[in-house]
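Chemist: Here the protein sequences come in this chain order: X and Z. Its first residue numbered 1, the first sequence is counted upward by one per residue in the UniProt record's numbering. Its first residue numbered 1, the second sequence is counted upward by one per residue in the UniProt record's numbering.
Incorrect hints may have been included.
Stated by the list, open to error - One-sided excerpt, in silico: chain Z residues whose CB lies under 8 Å from chain X: (1) ARG79; (2) HIS98; (3) ASN102; (4) THR303.
Calculated from the structure, these hints are not laboratory results. No residue lacks a Cβ here, since even glycine has one placed at the ideal position from N, Cα and C.
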Amino acid sequence: MRAVVFQGAEEPMTVEDVDRPEPGDDDILVETEACGICRSDWHAWRGDWEWIGVMPQPGLVFGHEPVGRVVEVGDNVDRFAVGDRVTNPFNLGCGSCHHCRDGRGNICERSVPMGFVPFQTGAFAEYYSVRNADFNAVSLPDEVDPVDVAGLGCRFATAFHGLAHRVDVTPGDWVAVHGCGGVGLSAVHVADALGANVIAVDLSAEKLERARDLGADRTVEVGAVDDVPQAVKKFTESSRGADVAVDALGIAETCRNAMDSLGKGGQHLQIGMTTSEEGGEVSLPVDTMVTDEREFYGTYGIPPNEYDEIFRMMATGKLEPGRIVSETVSLEEVPGVVEGLGDYETVGIPVCDGF
Amino acid sequence: MRAAVLEAYGEPVRIESVPEPTPDPHGAVVEVEACGICRSDWHAWQGHGEWADDQVERGQVLGHEPAGRVVAAGEDVTRLSVGDRVAVPFNLGDGTCHHCLNGHGNVCDDGLALGFEQAAPGAFAEAVHVPYADYNAVTLPENVHPEEMAALGCRYVTAFHALSHRVDLAAGDWVAVHGCGGLGLAAVQLAAALGAGVVAVDVRESPLELAADLGATATVDASTVPDVPEAVAAHTDGGVHVSIDALGRAETCRHSIECLRTRGTHVQLGLTTDAERGEIALPVDRMSRWDISFLGSRGMPPTRYDELLRMIATDRIDPGALVTRRVALSDVSDRLAAMTDYGTRGVEVVTDFGG
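Based on the provided sequences and hints, a complete structural model is requested.
Modeler: Right, dumping it as structure tokens:
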């Protein structure tokens, strides 16, 4: 089958003929219909995240926002049949550890990140397999367009899990989203759907325009203000600060700006992972966090069991993940798009749909 | 093997010879070492529950508080081995429904109630079958003594789930417990261990003495005071934060709601008798006016027993202290009959399955 193959950090990726994955007894094989192209692919291509043990080896196939049709099911798989349309979270769980059993498979003790390890190849390929499919794979409602929901593997779903399950967003809360890439725009859309007042923050006027379309009530253009946190706070009553702030990018500046834009009792949600610049560490104002009782929450992917909440909100028109999708490309174009994510010029989520 | 079988409502429970269970592929057979006698057995024996389509059929092997050793496991069982000591929740989940996957297996869509339905014969028997054993059976560490094991049945874990997971108990809160049978006494011990001040209420002196030994700060003998809610309020500076009806009669339920302070939470644990037939008139206007919450609570998810076991390991709780009497299988009938007039005290456990 054809697949995009990683050649080493910052080396151009190539489309090659590789072996089709062999699904085990607990797995399914899926013919790919769509796969989102995510900043995490760019991070991996750059060789980031060595500090959390991610060291992609040449030969790896990326792609972790997949949608497709099941073409083979393992002997032990009960919940899926050939022909089903499925997606899955990128962070695949074992289904049997403490966290998986407790509804938190996204932080499985033996979590396998799809498309970042050789034994679970990604979906920039004609086919991909999903391990422990009964636990990890998720049936999609019939009416959805595969391209629209490609972001459910990572960015859209991560934003949803973070805002709906990690922090306490109540109606009317001010939610500041720092960074309006794919995950940030997803966060804007989800926070809006949850009844929050949304402040979108980015360098790019074009991305802020998209954020407004997706439900942002206020915007802060980073280059046009002296002090980003103050500019965010100014939109809130008595400039007291946001109730929830999301770092949807993962560089020191957005992380600090998000934390500093909070009011007392505010909650910071860290979605973005850092670059080699930060190496996983960002200095935070711990004394202010003590005296203001601010909170810092990490959030990682989504447990498979939370997808039905997204589907219910899609069915009633409250969530439309397809609105974050910006362009569709073919497998041949994937290397160029991944490499170009470093320029921050992509607006929304690019999706590969030509295999 | 010998088993106690419900042959006619209200008539003596007979010890009969029934076939030994064999494990389903997903099941395990546990040799029963201890099984508590619970008021739910008494309800079943009385034929209660037809008003909720919950009447136990004749021919049922009763008993739903088992602990023992695994003697056989089905071919699909991976987390248990022969010889493992386990406790078994009465609320058996299939491990795959929406609620199980979200950590709420106590309310599984396709769940079974051990000892209350034909598909799940109970544990007043030499051996009991545990369906979906990987999901349901809870392995007990060696530091859990046989006496504690005997007390870890439905009542103790139901009280634990209610106080630890269903209500938000804060440090220094007042908790009232109405009805000091086995369930109520478990709630008294647990609420005290979680940092609450506890007022125990009953109409009998002897369980109130036991409640005081188990950590109750104050006791109210409902048979000697003119107004129970007022008597509770007098001990608690105007009312409690959390109140539990651990019996399930109209009187205890209403007393429980009426002794709450503003914004208090009532938890219903006891199931009603044929006097109420599942319905009790509640002061809904007052509950609206004062932000009173009413929560139902059932059993405990199998996936959260580890929390309870950690508290036993650090000697913070002592379920064994609730056990007042050890009896033989042939005594079950008499001990159920004694419950009719509230003639039992503490938790009575079958530990002799040959006698």
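Chemist: Would you mind marking each hint as holding or not holding in the structure?
Modeler: Hints, verified against the model:
1. Interface hint at Z:ARG79: satisfied, since its Cβ lies 7 Å from the closest Cβ of chain X, which is below the 8 Å cut-off.
2. Because the beta carbon of Z:HIS98 sits about 7 Å from the nearest beta carbon in chain X, less than 8 Å, this interface hint is met.
3. Taking 8 Å as the C-beta contact cut-off toward chain X, the hint placing Z:ASN102 at the interface holds, the least distance being around 4 Å.
4. The criterion of a C-beta within 8 Å of any C-beta in chain X is met by Z:THR303, whose closest approach is roughly 4 Å, and the hint holds.
Of the numbered hints stated above, none is contradicted by the structure.
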